[in-house]
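J.: Chains as they are written, first to last, in full-length UniProt numbering: chain A, 1 to 205; chain B, 1 to 205.
Treat the hints as calculated values from the structure; they're not laboratory data. Please note that a few of the clues may not be correct.
Note that the list lumps identical chains together, so a pair holds whenever it fits in one copy or between two copies.
Calculated pairs, DSSO-like style, for lysine-lysine (alpha carbon to alpha carbon, straight line, at most 30 Å) [to be verified]:
id: 1; residue 1: Lys-204; residue 2: Lys-138
id: 2; residue 1: Lys-138; residue 2: Lys-43
id: 3; residue 1: Lys-30; residue 2: Lys-204
id: 4; residue 1: Lys-107; residue 2: Lys-204
id: 5; residue 1: Lys-43; residue 2: Lys-30
id: 6; residue 1: Lys-138; residue 2: Lys-107
id: 7; residue 1: Lys-39; residue 2: Lys-107
Number of protein chains: 2
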Amino acid sequence: MPQTTPLIDLTPDQQIRLDRQMEFLREMDKLKSVLRGTKLINKSRRENSAEHSWHIMLYAAVLAEHAGPDVDIARVLRMLLIHDIVEIDAGDAPIHGHVDHAAMELKEAAAADRLFNLLPADQARAFRALWDEFEAAKTPDAQFAKAIDRTQPPVGNLHSGGGSWIEYNVTMDQIDTRVGVPINRGAPVLWAWLHPLLSNFFAKR
Amino acid sequence: MPQTTPLIDLTPDQQIRLDRQMEFLREMDKLKSVLRGTKLINKSRRENSAEHSWHIMLYAAVLAEHAGPDVDIARVLRMLLIHDIVEIDAGDAPIHGHVDHAAMELKEAAAADRLFNLLPADQARAFRALWDEFEAAKTPDAQFAKAIDRTQPPVGNLHSGGGSWIEYNVTMDQIDTRVGVPINRGAPVLWAWLHPLLSNFFAKR
Ligand SMILES: [Ca+2]
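Sequences are here, hints too, so could you generate the full structure?
T.: Here is the structure:
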């Protein structure tokens with residue numbers, strides 16, 4: 001029987017850290033079962049928050065040239081990687097749904113407390129700080145990350161005849177407020193591309 | 001009617017680049033419909049390649065401290081982000097299934113030609129070079145990325161009573177060759193953690 005014998009022995013500290021890290025990573029599997037308001041472009045089913053996170057990281061990598069000069073794309077990618085994990089406990093709040101935002105914030109903070117603390121303490125702090133920065137949307141990195149998070153659903157909806165806009169009866173006014181404001185703030189080039197397509201789509205409805 | 005007027009006008013070059021970038025990003029939605037051999041830990045359904053890509057990026061970020069000193073995690077994340085997109089055309093080849101590897105390589109190269117070339121030429125070249133590097137598995141970044149790609153399924157399977165190992169009738173010998181070799185090469189610390197758990201699991205079968 002061939003044996004791929006480990007090349008090294010773990011230190012006790014490595015063993016403890018890996019046990020915690022792997023427990024966190026296993027728990028993260030649950031994000032694949034959190035469903036969003038949006039559907040896949042082929043309309044076969046709702047999108048889940050794990051595949052959405054992958055997709056917007058690809059958006060950020062491909063659209064990096066349209067970020068401001070003070071944006072660090074590697075940090076943006078790390079932010080987007082973890083931006084939705086609180087939904088494992090708190091669920092997704094559809095952008096066009098009716099949500100009690102204060103209650104949702106409390107739920108998400110409790111989720112962040114539980115989930116990030118599955119990690120070793122130093123990593124829990126670092127990941128939590130990155131998530132807090134994303135949520136606060138004050139830094140250039142966070143504002144670009146938020147803009148990217150808002151860009152993917154309309155690009156898909158425009159391609160699939162309206163998608164979740166039809167279901168939620170969305171107007172151009174609402175798109176302006178909920179999508180246009182954050183994209184225009186974090187990535188004005190993307191809003192300049194998206195705005196005429198959206199205006200045209202909603203003018204025809 | 002409130003209007004979030006774009007703050008800038010696009011240059012003709014920006015317009016052309018964004019049209020292509022957005023077409024590529026829309027096409028990528030299809031990776032969410034490529035199903036893998038593995039199931040979610042809760043066994044509710046098969047995992048798709050988009051959410052798998054997200055999950056292994058999280059593995060890479062959390063387990064970065066266990067990489068060698070010459071590994072650049074930001075590059076590893078970019079590699080993992082795109083490592084599976086050829087499956088949109090070529091499909092997933094389950095690691096424990098029976099696959100004609102030469103035929104699969106041709107299919108994947110054709111897929112890479114079509115898909116990456118949806119992007120502006122400079123980006124098509126850069127993304128393709130990164131994917132080629134991952135596939136060749138010669139650099140420290142690619143070897144760590146491959147090790148991470150091989151680590152996630154067994155961690156899940158160990159937690160769900162065997163998962164795809166049962167379905168594919170996998171033995172410890174096969175795990176040693178297909179999983180142990182690449183993990184031991186790219187991330188020996190992870191194999192030192194995983195090996196005793198796997199030995200124990202397969203000894204009991
Ligand atoms: Ca893979």
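J.: For each hint, tell me whether it holds in the structure or not.
T.: Hint by hint, here is what the structure shows:
no.: 1; hint: Lys-204 / Lys-138; verdict: neither (36 Å within a copy, 53 Å between copies)
no.: 2; hint: Lys-138 / Lys-43; verdict: neither (35 Å within a copy, 40 Å between copies)
no.: 3; hint: Lys-30 / Lys-204; verdict: between (39 Å within a copy, 28 Å between copies)
no.: 4; hint: Lys-107 / Lys-204; verdict: neither (39 Å within a copy, 42 Å between copies)
no.: 5; hint: Lys-43 / Lys-30; verdict: both (22 Å within a copy, 11 Å between copies)
no.: 6; hint: Lys-138 / Lys-107; verdict: within (21 Å within a copy, 45 Å between copies)
no.: 7; hint: Lys-39 / Lys-107; verdict: both (25 Å within a copy, 29 Å between copies)
Hints 1, 2 and 4, counting from the list given before, are not met by this structure.
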